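Visitor: Sequences and hints are given; from them, build the entire structure.
Quick note, the sequence shown lines up with residues 1 to 110 if you use the numbering used here.
The list that follows gives simulated cross-link-like pairs (lysine to aspartate or glutamate, DMTMM-like), each with its CA atoms no further than 20 Å apart: (1) Lys6 to Glu102; (2) Lys21 to Asp37; (3) Lys27 to Asp69; (4) Lys65 to Glu79; (5) Lys63 to Glu46; (6) Lys33 to Glu43; (7) Lys30 to Asp71; (8) Lys40 to Glu97; (9) Lys33 to Glu105; (10) Lys40 to Asp8; (11) Lys65 to Glu43; (12) Lys9 to Asp37; (13) Lys6 to Asp69; (14) Lys21 to Asp69; (15) Lys27 to Glu105; (16) Lys33 to Asp47; (17) Lys21 to Asp71; (18) Lys6 to Glu105; (19) Lys33 to Asp17; (20) Lys27 to Glu12; (21) Lys63 to Glu105; (22) Lys23 to Asp69; (23) Lys40 to Glu102; (24) Lys30 to Glu105; (25) Lys65 to Glu97.
Computed spacing ranges between beta-carbons, pair by pair: (26) Lys30 to Asp88: 33 to 41 Å; (27) His99 to Lys11: 17 to 25 Å; (28) Arg22 to Tyr50: 32 to 40 Å; (29) His56 to Ala19: 23 to 31 Å; (30) Lys6 to Glu97: 15 to 23 Å; (31) Asp16 to Ile107: 18 to 26 Å; (32) Gly64 to Asp108: 18 to 26 Å; (33) Ile107 to Asp37: 16 to 24 Å.
Worth flagging that the hints you see were computed from the coordinates, not collected in a lab.
Treat the numbers as computed from the prediction; the structure is a model and nothing was measured.
Ideal placement from N, C-alpha and C gives every residue a C-beta, glycine not left out.
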Amino acid sequence: MNITFKIDKLKELANDDRALKRKYGNKRAKVLKQRLDQLKAAESLEDLRYAPGHFHELVQNRKGKWACDLDQPYRLIFEPHENPIPTDTHGQYLWVEIHGVEILEIIDYH
1 MNITFKIDKL KELANDDRAL KRKYGNKRAK VLKQRLDQLK AAESLEDLRY
51 APGHFHELVQ NRKGKWACDL DQPYRLIFEP HENPIPTDTH GQYLWVEIHG
101 VEILEIIDYH
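Guide: Now the structure itself:
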């Protein structure tokens with residue numbers, strides 16, 4: 001899957017293991033790299049629906065975005081490149097048709 005970053009600093013951190021560990025600590029940095037590797041290896045978001053990391057759609061004011069678990073309570077937030085996001089006749093997002101994501105942030109939104 002194609003991955004882009006909304007924030008250049010986050011892209012720089014994702015490509016610099018030492019800086020990533022300094023910013024987020026060893027545990028979160030390790031899990032973040034795993035999640036990014038999972039996204040890169042997937043053909044579509046559907047490949048990650050039941051994968052470790054609890055990839056899931058967000059709702060309410062974050063509808064149209066997805067998250068996956070890092071270390072509790074932090075999440076990696078991203079949105080599909082596809083605009084509009086593909087949906088079926090019932091308005092459900094078609095994960096299988098999402099082939100790229102933009103990484104937005106790392107946050108505790110709870």
